[in-house]
Amino acid sequence: MSAMLEFKQVVKQYGNKTALDGVNLQIPQGEIVGLFGENGAGKTTLMKCVFGFLPYHGTITLDGEPITPKNITRLSFATCEHSFFPNLSPESHRQFYQEHFPTFRDKRFRALLDFFELPAHKPARTFSTGQKNQLEVILALSQGADYILMDEPFAGNDVFNREDFYRVLLGILEPSETVLLSTHLLEEVEHFIGRAVLLQKGKLVGDVTTLELEEQGKTLMDFVKETYRYKADRVVRALKDLTGEEEP
Amino acid sequence: MYRSVHTFEEWLAFRLPPGISAKQERSVLITGLALSIGWAALSYLYTYTMAVSRLYLTMNGQRILDPTARMADFGQVFRFTTAGYLILAVWLLTRGFWFQAYHRQGSMSIYLMRRLPDPREYTRRCWTVPLAGIGGCLVLTVVTTALCYLIYVKCTPASCLVPGQWTRFWSALVGG
Chain A
83 MSAMLEFKQV VKQYGNKTAL DGVNLQIPQG EIVGLFGENG AGKTTLMKCV
133 FGFLPYHGTI TLDGEPITPK NITRLSFATC EHSFFPNLSP ESHRQFYQEH
183 FPTFRDKRFR ALLDFFELPA HKPARTFSTG QKNQLEVILA LSQGADYILM
233 DEPFAGNDVF NREDFYRVLL GILEPSETVL LSTHLLEEVE HFIGRAVLLQ
283 KGKLVGDVTT LELEEQGKTL MDFVKETYRY KADRVVRALK DLTGEEEP
Chain B
77 MYRSVHTFEE WLAFRLPPGI SAKQERSVLI TGLALSIGWA ALSYLYTYTM
127 AVSRLYLTMN GQRILDPTAR MADFGQVFRF TTAGYLILAV WLLTRGFWFQ
177 AYHRQGSMSI YLMRRLPDPR EYTRRCWTVP LAGIGGCLVL TVVTTALCYL
227 IYVKCTPASC LVPGQWTRFW SALVGG
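Taken in order, these protein sequences are the chains called A and B. Letter by letter, the first sequence follows residues 83 to 330 in the numbering used here. Letter by letter, the second sequence follows residues 77 to 252 in the numbering used here.
It should be emphasised that the hints constitute simulated quantities derived from the structure, not laboratory data. Bear in mind that the values here come from a model prediction, so they are computed numbers and not experimental data. Think of the CB as a built atom: it goes at the ideal place given N, C-alpha and C, for glycine as much as any other residue. Please note that a few of the clues may not be correct.
These stretches of chain A come out as covered by chain B in the derived footprint (C-beta under 8 Å, 3 or more residues) [unchecked claim]:
| id | region |
| --- | --- |
| 1 | 129 to 138 |
| 2 | 160 to 168 |
| 3 | 171 to 183 |
Each pair of labels, with its calculated beta carbon distance range [claimed, not checked]:
| id | chain 1 | residue 1 | chain 2 | residue 2 | range |
| --- | --- | --- | --- | --- | --- |
| 4 | A | Pro-151 | B | Gln-181 | 21 to 27 Å |
| 5 | A | Tyr-96 | B | Thr-170 | 29 to 35 Å |
| 6 | B | Cys-231 | A | Pro-205 | 53 to 59 Å |
| 7 | A | Pro-137 | B | Gly-211 | 32 to 38 Å |
| 8 | A | Gly-104 | B | Leu-169 | 39 to 45 Å |
| 9 | B | Thr-170 | A | Glu-256 | 45 to 51 Å |
| 10 | A | Gly-97 | B | Leu-118 | 53 to 59 Å |
I would like the entire structure built from these sequences, with the hints used as guidance.
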C-alpha cells in the first residue's frame, strides 16, 4: 500500500442537506493539492471529516489505516477559524506542540516565526488577522505532520503576505510532505499547486494536474469555469433582467 | 509523560486548558475553600451556641441548666453549615463546562485538542481541577460533619441530649 490519504464514498449530511455526496479521492504523499469550490461546496466539511470533527459515512484512511489517535499526529490542520489558543504566545505554543507532537520541527518553527517577524512572547489574541493566520500556518507546518491540511488559511491576509507564504511554503516543504489547500484564490495558487480538485455541491466534479492543464494550454481558472459550466453571459443577462434594457 | 511538578501552581498548570492562568485559578480555589471553611465554622458555632444558650435559665443573675430543656436536633443545628461547600462544588461544576466552552472562544482550539495523540488530554484539562475540587468539597463536608457532630455530642450537657441523633440526622438527609 503506497502512502496516501484516501477518501472512499464519503457522505456527510446536515439534516436533509447533503454536504458531501460520495467523495472518492486519493492524495498520495508529496503532492500539493488545491481544493476548490464555491462557498458551501463541501471543502471545509471534507477537511473536518478527516480529523473526525464531524461524523460521516464512508471511509477516510491514512496509508490504508483508519485515522485514530495512533496516527493523527501525521496530519496537521490550519484553519481560518484558527485552532491556536488566543491567550498563549507563540513561544508557549512551541512548548505545547513540543510536548504533544514528537516530530515537532523546532528549527522550522523558529525560522518561520523570525521570517514573519511575529512577536514570540505576546499572546496570539493581540495579533492582527494576518499575524493570526501566519501563526496558524506556522504551527501546522511545524507540527511535523506528513499531511498538512489548510482551510482558507489566508482569509484576511493582504496580497504581499500571501505571496510570502507561497514562496516560503515552496522553499521549506520536503518531498514527503503533502499539502491539501482549500482556497478561492485560484490564480494565486496556480503555480504553487501540482494538482487541482474541484468540489461542487458536495460532489467531486474535477481532478486535474497542473501539468495536464499546461499541456492543454489552459489556466486553472479556465478549468474551473469549464468544470463548473460557468455562464459567462450571466452578468449581462442579470443586468438586463434588472434594468429591463434591451441588448444593443 | 512524566512531568516533575514542584508546586501546586505547576500541578494546576498542566491540568487546566492552555492559556488559563494557574495562579489565578489557584487563588480563586483557595479563596473559595477558605470562605467555605470559614462559613462552616462560623455558622455552626453561632447556631450551636444559640441552641446551647436556650438550655439555660437565668435566675438571680445566675445561668443554670434547665432540667427539662432538650437540645435541638443535630440536623437543625447543622443544616446550613456545609452550604459553602455545596456552592463551591456547583461553581466548580460550571467551571468545568466553562473550560470546555473556552476551547471555542476567540478561536477553535478544540480542533487542536481533538487531534492530540492523547485523546484524554482535552477532558483532563477541562475536568481534573473541577472534579478534584468537587472531591475536596465532599471530603471537607464529611470532615466538617464529623467534627460538628463530635462538638454536638461532647459539648452539649448530657442530660439535654436526645438519643439517636446520628440516625435522625441521616434519616432527615435521605428524607426518611
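Quiz prompt | Violated constraints from the hint list, given by number and in increasing order | solution = Checked against the structure, no hint fails, so every one of them is satisfied.
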